[in-house]
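Let the hints inform the model, and build the full structure from the sequences given.
Numbering-wise, my numbering puts 186 at position 171 of the sequence shown, and it's gapless, one number per residue.
Source of the hints: derived by calculation from the structure; they are not laboratory data.
There's no promise every hint is true.
[As the list claims (entries may be wrong)] With beta-carbon atoms standing in for the labels, derived distance ranges: (1) Leu171 to Met135: 35 to 41 Å; (2) Leu272 to Gln130: 34 to 40 Å; (3) Leu267 to Arg158: 23 to 29 Å; (4) Ile32 to Ile146: 31 to 37 Å; (5) Trp271 to Arg152: 39 to 45 Å; (6) Leu133 to Ser39: 30 to 36 Å; (7) Pro149 to Arg275: 21 to 27 Å; (8) Leu133 to Leu272: 26 to 32 Å.
Quick reminder that beta carbons are idealized off the backbone N, C-alpha and C, glycines included.
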Amino acid sequence: MSLDPSFLLLLGLRMAIAAAFVVSASMIAERTGPVIGALVATLPISAGPTYVFLALDHDAAFIAQGALTSLPINAATIFLSLAYAVLAQRHSVLVASATAVAVWLGLAALIKTVQWTLLMGVAANVVTFAICLPLLRRYRHARMPLITRRWYDVPLRASLVATLVATVTSVSGWAGPSVSGMLALFPIVFTSMMLILQPRIGGPATAAVLANGAYGLIGFSLAVVVLHLGSLHLGAAVGLSGALTTCVGWNLGLWWLGRRRRTA
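What follows is the structure, given as structure tokens:
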């Protein structure tokens, strides 16, 4: 890692921008309930800025290869949501969140041992959704109490995201695209929500946010596919733009469907 002042300045700017995205999105989630909160939480508010910064430092082939690893990592995040939703009903935030993150880390370690192709990554997500979505359905509905924000909420969230960005930026030069792709999808938004929301609103309500987020992660997996194909054939800028459009469009579609059902 370089200690050049210009590098440190740019790194600090990247950390601040990414942290601002995540903190703003998590505040929206707190005020709008589990369904809307989940749609906001599954937008690429952490992975997006991280991939943009990677694209500034590396070529399109690096981004395309990183996306291949990010695709199965998305499946690991769904299992993290399931593990947390089950444990949060009866256990403390420490037990539930630590176990959920341990599940993610264990799956990530397994994923790292495999040379992934696009077809394999898509298959991993399809199988994971088929298993986890029915199991998460019972945890999707919970009352969201009124939240009073504490003084350390914003600094904690900002520091978590800033640390992720600093880590990915610092290690990507020597770690390669696969590890960078894994780090880019570390579930920092979900983890921060576990740590901050459960002590205030309880495990079931926090679990409802993550359980509803599984449907948003379907769109996120499609966005990663678009990122890979777009970067591979048309360049990183096209891949990133297409991935963002896919993710936002999917979540808007989920919001519209939910609103239509409530109206009906």
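Status of each hint after checking the structure:
1. Leu171 to Met135: 35 to 41 Å: Check passed, 36 Å falls within 35 to 41 Å.
2. Leu272 to Gln130: 34 to 40 Å: 37 Å, holds
3. Leu267 to Arg158: 23 to 29 Å: Cβ of Leu267 to Cβ of Arg158: about 25 Å, so the range 23 to 29 Å holds.
4. Ile32 to Ile146: 31 to 37 Å: 36 Å, holds
5. Trp271 to Arg152: 39 to 45 Å: 20 Å, violated
6. Leu133 to Ser39: 30 to 36 Å: About 32 Å separates the Cβ atoms of Leu133 and Ser39, which means 30 to 36 Å holds.
7. Pro149 to Arg275: 21 to 27 Å: Since Pro149 and Arg275 have Cβ atoms about 23 Å apart, the given range 21 to 27 Å holds.
8. Leu133 to Leu272: 26 to 32 Å: About 28 Å separates the Cβ atoms of Leu133 and Leu272, which means 26 to 32 Å holds.
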